[in-house]
Amino acid sequence: MSEPIIRIEGMNKWFGQFHVLRDIDLTVNRAERIVICGPSGSGKSTLIRCINRLEEHQKGTIVVEGIELTGDLKQIDNVRREVGMVFQQFNLFPHLTVLENCTLAPIWVRRTPRAEAEELAMEYLTRVKIPEQALKYPGQLSGGQQQRVAIARSLCMRPKIMLFDEPTSALDPEMIKEVLDVMVELAETEMTMLVVTHEMGFARQVAHRVIFMDEGQIVEQNEPEEFFYNPKSDRTKLFLSQILSH
Amino acid sequence: MSDIANHPGGSFYRTENIPQSPPPVSTVGVLGWMRQNLFSSPFNTALTLLTLYLLYLVVPPLFQWAFIDSLLEGESNKDCRGIAGACWVLVPKRFGQYIYGFYPEPERWRVNLTFILFCLNLLPVLSDRVPGRTFAALFLVFGFPVVAFVLLHGAFGLEVVPTHKWGGLTLTLVFASVAILFSLPIGILLALGRRSEMPVIRTICIAFIELWRAVPLITVLFMASFVLPLFTPEGVNANELLRALIGFIMFASAYMAEVVRGGLQALPKGQTEAAQALGLNYWKSMQLIILPQALKIVIPGIVNTFIALFKDTALVSIIGLFDLLLVARSAVTDPKWLGLEHESYIFAAVIYFVFCFSMSRYSLWLERKLDTGHRT
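Read top to bottom, the protein sequences are chains D and Z.
When you line the first sequence up against this note's numbering, it's residues 1 to 246, in that order.
When you line the second sequence up against this note's numbering, it's residues 1 to 376, in that order.
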């Protein structure tokens, strides 16, 4: 196997006095799809936010695409170009149209000519099944539509890694389905994906590996089948019994 | 239903919305507006009638005084005898002074030209129907002040008109526009600095803002006018107008910074994070994502500050600069026009009102134009 795309070793993070991530070791291979689950406050979101340096880690190393994340702003910018992120609250830019949301970063960060950027944006908007809304503003779209635009916006930067931070947690059931469908289709393109989610059906369907976190530690990680039917630690068993019981 | 047919067995993606039916006629149009806003309840109806009655009491007599029983043409206050209404005679006679102060008459075309050029430069900045907004905005801050200085003060063969001869509306507009033009960019930088993660920059910005905000504007003007020259080395004598102007800009910037900071804080953190996650660096994310939204939120606050600044220029009369207010006041100390205070001050007030009210209307128009946050 080639060099892993993400390598995290002995990573620790504190929020003030609060020890939010403890001795995280994680290696992600190219085209690997990982689902991270765990109770709230377990550090799942913080973990993936460290990968594109939305959060700063205080100990240990994180290497993404061969670039180590340090205080060096240039390095951070380089990593962020390769890593796309989708947020729970969509975070579309409300003052720009859907199309402008998608072309902004390619034009200003990648220096893509406008016409080319718009063509690319329409291509991805078509892939997330929303091309007809390109000239609307985010405020005119439903939550599910907004989240699909957010996915397209990230993909327009042609990232090598996609991070999803509870992408369906702010949506109602019908919209969850439309967003998950898009993510399943994305999974078929060999994209490296790290997904923080409680959608266990999605985890079973697309994940190569499921990671369970609690109190800032990786408690258990395994292939989905093993993870769901043969969990090893008691904490995992308890968690699964809670979320799968209804 | 055709939507679902397009995706047999698959997920539902909405592609079209059902067309909307119009609301009932009684809730729209002039009548609907009146019913909702003026006569929605007995109390509201009573208030409406009372207001109408008060307007009836005040407006017709005022109109009578100002336009019907008034006198416009005359040589001095002697002509006002027997006039029941307003005696505007000094306004046309002194019009030049109201507008230009003591600016020499043969050179007044320069003031007019400056004003016209200023308006032309402002046009693309205010409206996106005229192209070249970015260039015009940059020129307005970095280029136009030089043009204005050359024209107003004189250089390259134009006769020099020293600043103590500037006055009236000209001086008021020079003060207000320079203060407005510079306080906004400086205020934005101060606001960003105050939220910076770098302790040195943050401390400097906080100190600057708090210091200038904590002193009265009059004190600033007095300091600039009388105290500062005591400390500057002999021979170095910065122009009085310039000193007052710089003090005014600093004062205005501090206020502006806090208005802008309000807008920055109103934005959800997710906007910055989304911009960062896309790889935009600090300045680009500020320029493209954060400031356009933050400034839009605080348009009312910014224009509020602009209007306050415009009117605060009247304070420079205290340090002896002949702004519009001082011209209005000194006009009626002339024995020829004694007793015409009302008319002189009302005329000045009307000029202030025209400028401030236009700013206010522009801001309302801008707010509506930039409002993309809601369904349309």
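Read the hints as simulated data drawn from the structure, not as lab findings.
Do not rely on the hints blindly, as some may be mistaken.
[Claimed, not checked] A few chain D positions that, by computed beta-carbon distances, are all more than 10 Å from chain Z:
1. ARG7
2. PHE15
3. GLN17
4. THR61
5. ASP77
6. PRO94
7. ALA105
8. GLU132
9. SER154
10. GLN205
11. VAL206
12. ARG209
13. LEU244
[As the list claims (entries may be wrong)] Per label pair, the in silico range of CB-to-CB distance:
14. GLY32(Z) with PHE15(D): 52 to 60 Å
15. GLY132(Z) with ARG114(D): 16 to 24 Å
16. PHE142(Z) with GLY10(D): 45 to 53 Å
[To be verified] Partial list, derived from the structure: chain D residues whose beta carbon lies under 7 Å from chain Z:
17. LEU54
18. MET85
19. GLN89
20. VAL109
C-beta: ideal position from N, C-alpha, C; glycine also.
Exercise. For GLN17(D), which was marked as not at the interface, is the minimum beta-carbon distance to chain Z over 10 Å?
Worked result: holds, 20 Å
If I claimed the Cβ atoms of GLY32(Z) and PHE15(D) lie 52 to 60 Å apart, would that claim hold in this structure? Hint holds: Cβ distance 54 Å, inside 52 to 60 Å.
Between GLY132(Z) and ARG114(D), is the Cβ distance one that fits in 16 to 24 Å? holds, 18 Å
Worksheet entry | Interface exclusion of ARG209(D) relative to chain Z, criterion Cβ beyond 10 Å | holds, 23 Å
| query | Is it correct that the beta-carbon of SER154(D) has no partner in chain Z closer than or equal to 10 Å? | reply | Not fine: 7 Å to the nearest Cβ puts SER154(D) too close to chain Z.
ask   = Is 45 to 53 Å right for how far apart the beta carbons of PHE142(Z) and GLY10(D) are?
value = With a Cβ separation near 52 Å, PHE142(Z) and GLY10(D) satisfy 45 to 53 Å, so the hint holds.
Q) Are VAL109(D) and chain Z close enough, Cβ to Cβ, to be under 7 Å, as the hint says? A) Interface hint status for VAL109(D): holds (4 Å vs cutoff 7 Å).
Requested in this report: Hey, is PHE15(D) genuinely clear of chain Z, shortest beta carbon separation above 10 Å?
Outcome: Per Cβ check, PHE15(D) is outside 10 Å of chain Z; nearest 14 Å; holds.
- Any CB of chain Z closer than 7 Å to the CB of LEU54(D)? Status holds, d = 5 Å.
Exercise. Confirm or reject the statement that PRO94(D) sits farther than 10 Å, beta carbon to beta carbon, from all of chain Z.
Key: The claim is violated: PRO94(D) sits with its nearest Cβ about 5 Å from chain Z, within 10 Å.
VAL206(D): least C-beta distance to chain Z exceeds 10 Å? About 16 Å separates VAL206(D) from the closest Cβ of chain Z, which puts it past 10 Å; holds.
Distance rule for GLN205(D), whose beta carbon must clear each one in chain Z by more than 10 Å:
holds, 14 Å
Hints 5, 6, 7, 8 and 9 from the earlier list are contradicted by this structure; the remaining hints agree with it.
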